[in-house]
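J.: What follows is each chain in one-letter form.
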Amino acid sequence: MTALVETRDVGKSFDLRRGLQRLRPHSPGTHIRAVAGVDLAIEPGETLGLIGESGSGKSTLGRLILHLQAPTEGAVHFDGVDLAVIPAEEMTRLRRRMQIIFQDPYASLNPRHSVEEIVGLGLRVHERLSAEQIRDRTVDMLERVGLGAAHLRRYPHQFSGGQRQRIGIARALVLRPSFVVCDEPVSALDVSVQAQIIRLLGELKRDLGLTYLFISHDLAVVAHLSDRIAVMYLGRIVEVGPARSIVTAPRHPYTRALLAAVPRTDRAPGERRQRLAGDPPSSLSPPAGCAFHTRCPHAMPVCREVAPSRRRAADGHDVSCHLVEEV
Amino acid sequence: MSDMLLGIRGLRTTFPTRHGLVRAVDGVDLDVRPGECLGVVGESGSGKSVTFLSVLGLVRPPGKVEAEAITFLGRDLHRLDAAARRAIRGRDIAVTMQDALTALNPAFTVETQIVETIEAHEPGIARSEGRRRAIEMLRLVGIPDAERRLSAYPHQFSGGMRQRVMVAIALACRPKLLIADEPTTALDVTIQSQVLDLIDDMRAELGMSVVLITHDLGIVAERCDRVAVMYAGQVVETGPTGEVVASPRHPYTQGLLRSMPSLAHLDEPLTPIDGTVPDPTRLSEECRFLPRCPYAVADCRRPIELRLISEGRAARCVLVEASP
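Residue numbers (my numbering), protein chains in the order written: chain L, 1 to 327; chain Y, 1 to 324.
Isolated chain L, as found in the complex:
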């Protein structure tokens, strides 16, 4: 099967200097390398979970994949097309097929636009439809996300957080995209509402034949939704594998630490597990060698000098760690 989305050695550096300083040659500490060397393929109909802590680059990677930001290294292919080389009109056409759902349902909806305007905007931009047809498709989409025609004239402030996220989902799906980046779509919601939205995303995926990149910092949420999980640390993917085996048999020491840190209701109180010490290093001056070696309980001399290459382990995980044997 050919991948719907493929990244080839994708990276993104941000220049932190201002104004004329940018004309000077690069010097250390002036660039943040938010994403580096990412090779990922997302198959049609698949949900790929992307997990990492704040600053790991997961949201930036989501935006690079949609070409909302252009990568500074590597290329993104959508349905076999390199997004960096296609003409602007073609990109506009492709945009209908790739959409994004944002984290904050309060900040991502224009407070001065009615639900009808918010959800219908994509149709007005991309489709030649009559006002009636636009309204019909808008209502149809609202009904799919559990809202309805009665909500068309209302404004975002009249809705709860969960309902706003439903509006954001309707906006993303009204053009019938094939690929959707869900960027922490449930992180701002209370747990009972979070489960409603997770279930809704699952139903929509089934009914509309969607492919998801699901970005979250919550491993339990990602594990419930994803077919495969990719784990990011300091801009790089450190492990990719089937969701179940990432959760039950993680290979990378960082994935293990992340799993151990998730609070669970099925552990005895006071049960202590291995903890990661320290904070993640700054991406302004990432450590040499393996970026995780400063916090890794198994760090060896080689980890401080050589960045581990990606290798395929016996269980099918792709892992970037010197401890893992290539098969």
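One or more of the hints may lead you astray.
A partial selection of chain Y residues facing chain L, derived with a Cβ cut-off under 10 Å [to be verified]: (1) E147; (2) T190; (3) L257; (4) L270; (5) V277.
Residues from chain Y that keep clear of chain L, each with C-beta distances beyond 12 Å, as calculated [unchecked claim]: (6) A69; (7) S259; (8) E285; (9) R307.
Keep in mind that the hints were calculated from the coordinates and are not lab data. By construction, the Cβ of each residue, glycine as well, lies at the ideal position given by its N, Cα and C atoms.
Based on the hints, put chain Y in the right spot on chain L.
T.: Just chain Y now, kept in the frame of chain L:
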């Protein structure tokens, strides 16, 4: 009860708003025992934070706090004057807030902020002694290079380290009770477990009690001896954490557990609680969970009291057979 550190009886906190009277806390009874960790869990707007702001006397007018009694070490906090309450707050009962970046003063060094707390409660303490204690506290909460970091400002610390600084300030006077309000919500999970470990260690070391306010039942299950589940301003279930998590009796607690994605049960589909929390200005005298409850019966249409299930366990539900 004499073996209680803190006993809250009949607490009601209301806020008048344009849309009507918000009953944020509506008849809460809670106990905190010496040395224990009590988890208070609930979703946004359940009243969990306001309950403890009320206990501390930090609810500002026009907010109004009523209570039969708020007993702390034999004294009724609710009947104390502001000065007497202030003397207890910070010394015997300390608080850490959710967001350390806004809770700490950005214009003062960490040293100033810790020493200020000590001086407020131990007037006349020598500056050098205050500084020595501040260094000791920073060391205690695991901040490396404490002596040098003392002169740093809050923005110079990472999120996890800032939370530690706040814990250091809270614990500077060796309180008997620490109220930790969502201490790790803004933090990444690997940092979260460090901060929760720290609070656990401090509890053991100082022999204090901890009230951990959180929306995360996983944190409660791992850290707390007992739990109180709040919904729409009321406590709907209390008991030893292990029992409540293993066999919840209130339909809301059951729903909360079923809607939590769990790493242990990946195959079980999530079951959301349908509907939304009631409007706090239009709370009925019926069971507040009634509109969302899958087991609702006619009997639910009247005020429901907490019913005792067994020693130390209670639930606010008609389906619970009250033990004699």
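J.: Now tell me, hint by hint, if it's right for this structure.
T.: Taking the hints in turn, this is what the structure says about them:
1. For the restraint placing E147 of chain Y at the interface with chain L, the shortest Cβ-Cβ distance is roughly 19 Å, beyond the 10 Å limit, so the hint is violated.
2. With 10 Å as the threshold, the beta carbon of T190 of chain Y comes within range of chain L, its nearest partner Cβ sitting at about 4 Å, so the hint holds.
3. Interface hint at L257 of chain Y: satisfied, since its Cβ lies 7 Å from the closest Cβ of chain L, which is below the 10 Å cut-off.
4. Residue-level restraint check for L270 of chain Y holds (minimum Cβ-Cβ distance to chain L is 4 Å; threshold 10 Å).
5. A distance limit of 10 Å between C-beta atoms decides the matter here; for V277 of chain Y the minimum to chain L is near 8 Å, and the interface restraint holds.
6. The Cβ of A69 of chain Y lies farther than 12 Å from every Cβ of chain L, with a closest approach of about 30 Å, so its non-interface assignment holds.
7. Not every Cβ of chain L is farther than 12 Å from the Cβ of S259 of chain Y; the closest lies at roughly 4 Å, contradicting the non-interface assignment.
8. Remark: the non-interface label on E285 of chain Y is consistent with the geometry, its nearest Cβ contact in chain L lying 23 Å away (cut-off 12 Å).
9. Remark: the non-interface label on R307 of chain Y is consistent with the geometry, its nearest Cβ contact in chain L lying 23 Å away (cut-off 12 Å).
Comparing the model with each earlier hint shows violations of hints 1, 7; every other hint is respected.
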